[in-house]
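Visitor: Here's the letter readout for the chains.
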Amino acid sequence: SQTIHQWPATLVQPVGSPLSLECTVEGTSNPNLYWYRQAAGRGLQLLFYSVGIGQISSEVPQNLSASRPQDRQFILSSKKLLLSDSGFYLCAWSPLLTGGGYEQYFGPGTRLTVT
Amino acid sequence: GDSVTQMEGPVTLSEEAFLTINCTYTATGYPSLFWYVQYPGEGLQLLLKATKADDKGSNKGFEATYRKETTSFHLEKGSVQVSDSAVYFCALSDNKGSSNTGKLIFGQGTTLQVKP
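As you go down the protein sequences, you meet chains A and B in turn.
Residue 115 is where the first sequence ends in the numbering used here, and the numbering goes up by one at each step.
Residue 116 is where the second sequence ends in the numbering used here, and the numbering goes up by one at each step.
Calculated from the structure, these hints are not laboratory results.
In this text, a Cβ means the ideal position worked out from N, Cα and C, and glycines have one as well.
Incorrect hints may appear among the rest.
Simulated restraints, written as ranges between beta carbons of each label pair [unchecked claim]:
| id | chain 1 | residue 1 | chain 2 | residue 2 | range |
| --- | --- | --- | --- | --- | --- |
| 1 | B | S14 | A | Q2 | 34 to 40 Å |
| 2 | B | T5 | A | G27 | 40 to 46 Å |
| 3 | B | E69 | A | Q62 | 38 to 44 Å |
| 4 | B | D2 | A | R42 | 34 to 40 Å |
| 5 | B | S83 | A | A9 | 20 to 26 Å |
Far from chain B, by Cβ distances over 12 Å, these chain A residues were calculated [to be verified]:
| id | residue |
| --- | --- |
| 6 | A9 |
| 7 | Q13 |
| 8 | V15 |
| 9 | V51 |
| 10 | Q62 |
| 11 | S65 |
| 12 | A66 |
| 13 | P69 |
| 14 | S78 |
| 15 | K80 |
| 16 | S86 |
Start from the sequences and build out the full structure, keeping to the hints where you can.
Guide: Set out below in structure tokens:
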């Protein structure tokens, strides 16, 4: 069966510090990968998605970047955090598909607080 | 563009009450529809799905029917429990063959609170 891991689970970082959040998927190959942010009490905002190694699409211009160095690894980074980067970050995967319509499976999330 | 609209929350019910959370969508083509549930401090879990018109998705006592004529996918449960307290998200995935991004479009979420 497939599993998705995120770490760390929680993180408190000062403004201006760098960020690296990691997501890995097990039990599948060539997944599509996604990063979402969820601000407190609000809905989901898609930040980045990737359909293959080294292929990153950005949904919202911002202070963050993403990379996919391996097939099942997805990293979210920032060089200098802002207060507005605080939130709950969720990674998700879906099967590689040709016609659409497949569900996404989410990781447990990382709670980031920027102080 | 495609969009999903959910009823605003919070929804507060007593245990064993009947639940309906409304969801309507706008989409070109023939989307697949999903309900996700998020318990406090956790990621989203897929609750149920439907991939074509008139399909009924069901899981853990919850069900939703894909109604193309009303562009709706309302979530229902006959008797809610305290443990059902969570945030519920409706979502759609377009099935356009030219795209393989698999992106989902989510509603804003509806908070359900069930009191004993």
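Visitor: Look at each hint and say if it fits the structure.
Guide: Right, here's what the structure says about each hint:
Between S14(B) and Q2(A) the Cβ separation comes to about 38 Å, which falls inside the hinted range of 34 to 40 Å. Evaluation of the 40 to 46 Å hint for T5(B) and G27(A) yields a failure: the beta carbon distance comes to about 35 Å. Checked against the given bound of 38 to 44 Å, the beta carbons of E69(B) and Q62(A), roughly 39 Å apart, stay inside it. Evaluation of the 34 to 40 Å hint for D2(B) and R42(A) yields a failure: the beta carbon distance comes to about 20 Å.
S83(B) and A9(A) have their C-beta atoms about 23 Å apart, which keeps the hinted 20 to 26 Å range intact. Separation of A9(A) from chain B is inadequate, the least Cβ-Cβ distance of about 9 Å not exceeding the 12 Å criterion. Residue-level check passed: Q13(A) sits 19 Å from the nearest beta carbon of chain B, beyond 12 Å. With a closest Cβ-Cβ approach of about 24 Å to chain B, V15(A) is found to remain outside the 12 Å limit, as its non-interface label requires.
Its closest Cβ contact with chain B, about 6 Å, brings V51(A) to no more than 12 Å, contrary to its assignment away from the interface. Distance check for Q62(A) against chain B: the nearest CB is about 17 Å away, which clears 12 Å, and the non-interface claim stands. Every beta carbon of chain B lies more than 12 Å from that of S65(A), the smallest distance being close to 19 Å; the non-interface claim holds. Every CB of chain B lies more than 12 Å from the CB of A66(A), the least distance being 14 Å, so the non-interface label holds.
Listed as outside the interface, P69(A) is consistent with that label: its C-beta sits roughly 20 Å from the nearest C-beta of chain B, beyond the 12 Å cut-off. S78(A), annotated as away from the interface, keeps every beta carbon of chain B farther than 12 Å; the closest lies near 21 Å. No beta-carbon of chain B is positioned within 12 Å of the beta-carbon of K80(A); the least distance is around 27 Å. Once the 12 Å rule is applied to beta carbons, S86(A) is consistent with being away from chain B; the minimum gap is 15 Å.
Hints 2, 4, 6 and 9 from the list above are not met by this structure, while the remaining hints are.
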